[in-house]
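J.: Read off the chains here:
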Amino acid sequence: MTQSRRQFLSIPVLPSNPGHLVRAGIAAILALFVCTVATAAPSVSAANARIRLLPADLPLAGYFDLVNQGKQPLTLVGASSPAFKMIHMHLSTEQNGKSTMLLIEGIEMNPGETLHFTPGSYHLMLMQPVKPLQIDDQVPITLKFSGNQSLEVMFKVQGAGTQ
Amino acid sequence: MPSIMKACNRWLAPVSVALLAGLVACQQQKPWALRDISGIVAPLEFHLTNQDGQTVDASSYRGKIVLLYFGYTHCPDVCPATLGTLALALHRLGPDADKVRVLFVSVDPARDTQAVLKQYVDAFGPQFVGLRGSDSETEAMSRRYRIAYSREDPDHQGNYTVAHSNAVFIFDAKGNARLLGGSDDKADAIAQDLKRLISAG
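Chains A and B are the protein sequences, given in the same order. Position 157 (the first sequence) corresponds to 157 in our numbering; numbering is contiguous. Position 176 (the second sequence) corresponds to 176 in our numbering; numbering is contiguous.
The shape of chain B in the complex, shown without the other chains (with noise of 0.2 Å):
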């Protein structure tokens, strides 16, 4: 009898050793709370004007996670509460909030001046980057991320709103889009998934 029990024990070790190795295996891919997008996505490129008027790309933000938002200023709901709820997730990382970048690229840069963007993004944080280019250049980084806008008819003083789709894409410090959120997402779910990605590296 005893030598059989040694045998199991010889025999079970091994396997639950390798059972642990694959719960944590399975552990680490654990679903993320937003969409993945690894693959699908075109990696983070452009090239734009900051709120401070100097021209940045893609490789400005390398070594950040960067959360890149269509939006425009004038939007009175939707937009902000995305940022409010964008900012709140990166109050959530504590220090390491400085690790990500909130890029919100405009989707109506005839209003959106320079001026503009700068007091609108020193609103939401020191984290928030706002961005403009000429009609092409926004157009031309819309269709690379398949984002849908449209000016709307103005009223009778001129104003209009702009229909933008609303999601929010998220690319490792690599530049790699690595997930998709949108207006829904909650401040702790976003968290949850960029401390994640800070982590991973």
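Same shape as in the complex, but just chain A (with noise of 0.2 Å):
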């Protein structure tokens, strides 16, 4: 990436050779958009990503461990797929002995830190599939950070027994 950039930079040092136009003209847009990526792409990373299938059209959760890499805090706010028309964020809680849910909006993560999505805290709220789901099918899942960065996740699909 950095190499790209150099090149980005390196355009007007060779106005005269119109090959080295070209050249360079291609490295700059290929260095844009590595660039455009990197912005966009939190340094965050994904693993364990998983969805318990349920019969029936109900809503299922999706699980996942995610770890900031980064040097910022970063903050999940919310998660959409082609193959759900509705996420919501959830953490299950519970008040004056009942199990509830609670529906939330942003997760702040320190640099370093892991969060868990895991059965009886946070999930995300599956509803709606576009199609009917099988296990061992694989659905991406991007998740959404603050500050317009997101990460499409491979989430794969297991039985009602998943843990």
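These are computed hints drawn from the structure, not numbers from a lab. Be aware that a few hints might be false.
[What the hints assert, rightly or not] Anything over 12 Å on all C-beta distances counts as not near chain A; from chain B, calculated:
hint : residue
1    : SER38
2    : TYR61
3    : PRO76
4    : PRO95
5    : ALA163
6    : ASP184
7    : ALA189
8    : SER199
[Claimed, not checked] In silico lysine-lysine, DSSO-like type, Cα no more than 30 Å apart, as pairs:
hint : chain 1 : residue 1 : chain 2 : residue 2
9    : B       : LYS195    : B       : LYS30
10   : A       : LYS144    : A       : LYS85
11   : B       : LYS186    : B       : LYS174
12   : A       : LYS98     : B       : LYS64
13   : B       : LYS64     : B       : LYS30
14   : B       : LYS174    : B       : LYS64
15   : B       : LYS195    : A       : LYS131
16   : B       : LYS118    : A       : LYS98
17   : A       : LYS156    : B       : LYS118
18   : B       : LYS195    : A       : LYS98
19   : B       : LYS30     : B       : LYS118
20   : A       : LYS156    : B       : LYS186
21   : B       : LYS174    : B       : LYS195
22   : B       : LYS99     : A       : LYS131
23   : A       : LYS98     : B       : LYS186
24   : B       : LYS174    : B       : LYS30
25   : A       : LYS144    : A       : LYS156
26   : A       : LYS144    : A       : LYS131
27   : A       : LYS85     : B       : LYS118
28   : B       : LYS30     : B       : LYS99
29   : B       : LYS99     : B       : LYS64
Note that the structure is predicted; figures quoted are calculated from it, not measured. The C-beta atom is built at its ideal place from N, Cα and C for all residues, glycine as well.
Relying on the hints, combine the two individually framed chains into one complex.
T.: And the structure:
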């Protein structure tokens, strides 16, 4: 990426040679592309992404582990997927002896912090599947972060006994 | 001296037998992994409809260890996670899993139709039974087991959640309440207690 950026800066230095100019132009476009991706993709990685499949178009839960590998705090603000018409971030919690769910607007992660979306805690509530899912399907879900950043994660569809 | 030794042996032998017996007794009374609710919670009793449309009551499950859990199928996280843990515990029992039934009582009979319940319990295993009743029957059962549940306000699309107690009541083969589990209990702990209940008959 650093190299691409240098090539991008080299354009005005080589104006007299058309061949160089074309090559530099391509490099510039490539560099722009790389930079755009770099700006939008946060320094965060996801693992163990899974969906618990239930029958009858019932709402499903999505779970994963997320690590903020960057040097800045990062806020997870939501998720979207072409496979579901609606996705909410939820936190299961217990109040007055009853389990219930809270709708979560954002979760801040400090640098180096790991966030677990796991049964009985944070989960993505996946509603209105566009088409029926099957065990072993891979479903793309885009996790959205503050500052217009996002990360596409492939979730593996697993059975009702998913932990 | 030898006569003293003999006397000691005569005296010590019964004492060691008694000590051993005491140790065995202690082992039998080792604590359960789950909470003991013997004599505290009411015996198994209900009249509800199962996922096949049959009217069933406690006598339908006499002879089986019964795990009783209240929940609703539109619950995406805690209910399936708890049922999944119970399924894993039953898996640990091998063929003895057939001596156990998990009764999932819907606290949302409006959305949990017989057809939805059938697909739902089938996804967890052959030992899982889905039960539903009228609102008043469900309320009566929740009072019997002091289960709290409440339907929360629906969103603009009419979706709603149901806050509910996450207790798993375990009854022995005679229908007596014995143990209480929850969503935090691990499959191994549950399986360990179930094995003990099964071996006790």
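J.: Determine for every hint whether it applies to the structure shown.
T.: Verification of the hints:
1. For SER38 (chain B), the shortest C-beta to C-beta distance to chain A comes to about 21 Å, beyond the 12 Å cut-off, and the non-interface label holds.
2. Under the 12 Å C-beta cut-off, the non-interface status given to TYR61 (chain B) relative to chain A holds; the minimum distance is some 22 Å.
3. A Cβ of chain A approaches the Cβ of PRO76 (chain B) within 12 Å, the least distance being about 4 Å, so the stated non-interface status is violated.
4. With 12 Å as the threshold on Cβ separation, the claim that PRO95 (chain B) sits away from chain A holds: the shortest Cβ distance comes to roughly 19 Å.
5. The claim that ALA163 (chain B) is not at the interface with chain A is violated, since a C-beta of that chain comes within 12 Å of its own (minimum 4 Å).
6. For ASP184 (chain B), the condition that its CB be more than 12 Å from all CB atoms of chain A is violated, with the nearest at approximately 7 Å.
7. Distance check on ALA189 (chain B): its Cβ is at least 14 Å (rounded) from any Cβ of chain A, clearing the 12 Å threshold; non-interface status holds.
8. Even its closest Cβ contact with chain A, about 25 Å, leaves SER199 (chain B) beyond 12 Å, as expected for a residue assigned away from the interface.
9. This hinted pair checks out: LYS195 (chain B) and LYS30 (chain B) have alpha carbons roughly 14 Å apart, not beyond 30 Å.
10. Pair hint LYS144 (chain A) plus LYS85 (chain A) holds up; C-alpha atoms about 16 Å apart against a cutoff of 30 Å.
11. About 25 Å separates the Cα atoms of LYS186 (chain B) and LYS174 (chain B), which keeps this hinted pair within 30 Å; it holds.
12. Between LYS98 (chain A) and LYS64 (chain B), the direct Cα distance comes to roughly 28 Å. Compliance with the 30 Å bound is thereby established for this hinted pair.
13. Distance restraint check for LYS64 (chain B) and LYS30 (chain B): the Cα-Cα separation of roughly 23 Å lies within the 30 Å cut-off, and the hinted pair is therefore satisfied.
14. For the hint linking LYS174 (chain B) to LYS64 (chain B), the alpha-carbon distance of about 8 Å falls within 30 Å, and the restraint holds.
15. Note on LYS195 (chain B) and LYS131 (chain A): the hinted pairing is violated, with a Cα-Cα distance of about 42 Å set against a maximum of 30 Å.
16. Under the criterion of a C-alpha separation no larger than 30 Å, the hint pairing LYS118 (chain B) with LYS98 (chain A) is consistent with the structure, at around 25 Å.
17. Restraint check: the Cα-Cα separation between LYS156 (chain A) and LYS118 (chain B) comes to about 25 Å, which is no more than 30 Å; the hinted pair holds.
18. Between the alpha carbons of LYS195 (chain B) and LYS98 (chain A) the distance comes to roughly 29 Å, so the proposed pair stays at or under 30 Å and holds.
19. Distance check on the hinted pair: LYS30 (chain B) and LYS118 (chain B) sit about 39 Å apart at the alpha-carbon level, beyond 30 Å; violated.
20. Using a Cα cut-off of 30 Å, the hinted pair LYS156 (chain A) and LYS186 (chain B) holds, with the two alpha carbons roughly 24 Å apart.
21. Between LYS174 (chain B) and LYS195 (chain B), the direct Cα distance comes to roughly 16 Å. Compliance with the 30 Å bound is thereby established for this hinted pair.
22. The suggested pairing of LYS99 (chain B) with LYS131 (chain A) is violated, with an alpha-carbon distance near 38 Å, which exceeds 30 Å.
23. About 19 Å separates the Cα atoms of LYS98 (chain A) and LYS186 (chain B), which keeps this hinted pair within 30 Å; it holds.
24. Of the pairs offered as hints, the one joining LYS174 (chain B) and LYS30 (chain B) holds, with about 22 Å between alpha carbons and a cut-off of 30 Å not exceeded.
25. Simply put, LYS144 (chain A) and LYS156 (chain A) have alpha-carbon atoms about 19 Å apart, close enough for the 30 Å limit, and the pair holds.
26. A C-alpha spacing of about 23 Å is found between LYS144 (chain A) and LYS131 (chain A), which places the hinted pair at or below 30 Å, so the restraint holds.
27. A hinted pair counts as satisfied when its Cα atoms are at most 30 Å apart, and LYS85 (chain A) with LYS118 (chain B) qualifies at roughly 25 Å.
28. With a CA separation close to 23 Å, the supplied pair LYS30 (chain B) and LYS99 (chain B) stays within the 30 Å bound.
29. As the CA atoms of LYS99 (chain B) and LYS64 (chain B) are separated by approximately 5 Å, the hinted pair is consistent with the 30 Å bound.
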